[in-house]
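From just these sequences and the hints, can you work out the full model?
Line order of the protein sequences matches chains A and B. Heads up: the first sequence runs through residues 1 to 147, numbered per full-length UniProt numbering. Heads up: the second sequence runs through residues 1 to 147, numbered per full-length UniProt numbering.
Bear in mind the hints are in silico, worked out from the structure with no lab data behind them. Ideal Cβ placement from N, Cα and C applies to all residues, glycine included. Take these hints with a grain of salt, some might be off.
[To be verified] Residues from chain B that face chain A, not an exhaustive set, calculated with beta carbons under 10 Å: (1) S13; (2) A95; (3) R123; (4) E130; (5) R140.
[Unchecked claim] Derived contacts from chain B toward chain A, CB cut-off under 8 Å, selection only: (6) S22; (7) S23; (8) A28; (9) Q51; (10) R86; (11) V89; (12) V115; (13) G125; (14) A135; (15) L137; (16) C141; (17) V142; (18) G144.
Each chain is listed here by its residues.
2 protein chains.
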Amino acid sequence: MSQVGPSVDLAVSVGYRLKQASSALHVAMEAVLRPLGMNITQYSCLELLAQRPGLSNAELARGAFVTRQSMNVLLQALERDGSVVRPPVAPVGRALPAELTPLGRERLAAASAAVRAVEDRMRAGLDRAEAVQLAALLDRCVEGLQG
Amino acid sequence: MSQVGPSVDLAVSVGYRLKQASSALHVAMEAVLRPLGMNITQYSCLELLAQRPGLSNAELARGAFVTRQSMNVLLQALERDGSVVRPPVAPVGRALPAELTPLGRERLAAASAAVRAVEDRMRAGLDRAEAVQLAALLDRCVEGLQG
DNA sequence: TCGTGAATGTCAGGTTCCTGACATGTGGAA
DNA sequence: TTCCACATGTCAGGAACCTGACATTCACGA
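Below, the structure is given as structure tokens:
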């Protein structure tokens, strides 16, 4: 009984579950970040910069799964409010390595705690082994879609 | 060595993998639906109607993880091109039960085959048991986030 | 040496989705 | 009955993201 009609059976579709889980995570993250005056993409950008200082706009865009253009306007906003700094001229090529400011680190700390709480809630029904396995399965899905 | 700093470790974050997988699926689905002149949300709407005829605008919105307002403009477009019909007056309450037309079913058939191919590609590296388990784990994540 | 391709930053325009708001219809509680 | 909470459909305005395009910079090969 794999498939009766021409349709994708949403009740057992991995893709549908994926979208559902992603949507729920999106909503939950927006809910906890809004009181902090922060966006999901803004948070992603700051988090990426905390773990890999010096990332360029294009690299940040790939890491946050948005286009260079979207990340660029976001970075300009983060520069304006003093969370991020970029050199006025590129040290090599055209890439401008971005860095967190102390203010950026401070804003990230609050956001990161809130997001970690959300992630913990998401994994509440999973033990450690299951969480690891879920991550591995998702990785293989990405490989299948990209490779 | 669970966590050294205040940050969420993206390299092992389930949430990050989830966003990555969802993004890859989104890109892949858009790529196969674009030649058919169709949107992801449009496809979701038609697929939902195929499996549960008579769904209202609000119910379709919840099923496709968008707002009523977004689904409404989408439904109006699908009505204009003749894929969907809604009664001019609500049979009960304010809900207008939507139905697929033969044209809508036809357009869905092509889209559904394309999407199924994408989903198969996503599960290429997973055996049947792993796919079932992935779906179950994602379900538990949703429960954790919503409950 | 030169030119070709790839990657980057950036600007402009358009599309999609969301938030806020309002009117309408239903069902239960006072 | 009457009132109030809730759900639905719909309109208007704004925020976020994307596509298309262009100039600049580097690496590689003819």
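Here is how each hint holds up against the structure:
{"no.": "1", "hint": "S13", "result": "holds, 7 Å"}
{"no.": "2", "hint": "A95", "result": "violated, 21 Å"}
{"no.": "3", "hint": "R123", "result": "holds, 6 Å"}
{"no.": "4", "hint": "E130", "result": "holds, 6 Å"}
{"no.": "5", "hint": "R140", "result": "holds, 4 Å"}
{"no.": "6", "hint": "S22", "result": "holds, 4 Å"}
{"no.": "7", "hint": "S23", "result": "holds, 4 Å"}
{"no.": "8", "hint": "A28", "result": "holds, 5 Å"}
{"no.": "9", "hint": "Q51", "result": "holds, 6 Å"}
{"no.": "10", "hint": "R86", "result": "violated, 21 Å"}
{"no.": "11", "hint": "V89", "result": "violated, 29 Å"}
{"no.": "12", "hint": "V115", "result": "holds, 6 Å"}
{"no.": "13", "hint": "G125", "result": "holds, 4 Å"}
{"no.": "14", "hint": "A135", "result": "holds, 5 Å"}
{"no.": "15", "hint": "L137", "result": "holds, 5 Å"}
{"no.": "16", "hint": "C141", "result": "holds, 5 Å"}
{"no.": "17", "hint": "V142", "result": "holds, 5 Å"}
{"no.": "18", "hint": "G144", "result": "holds, 4 Å"}
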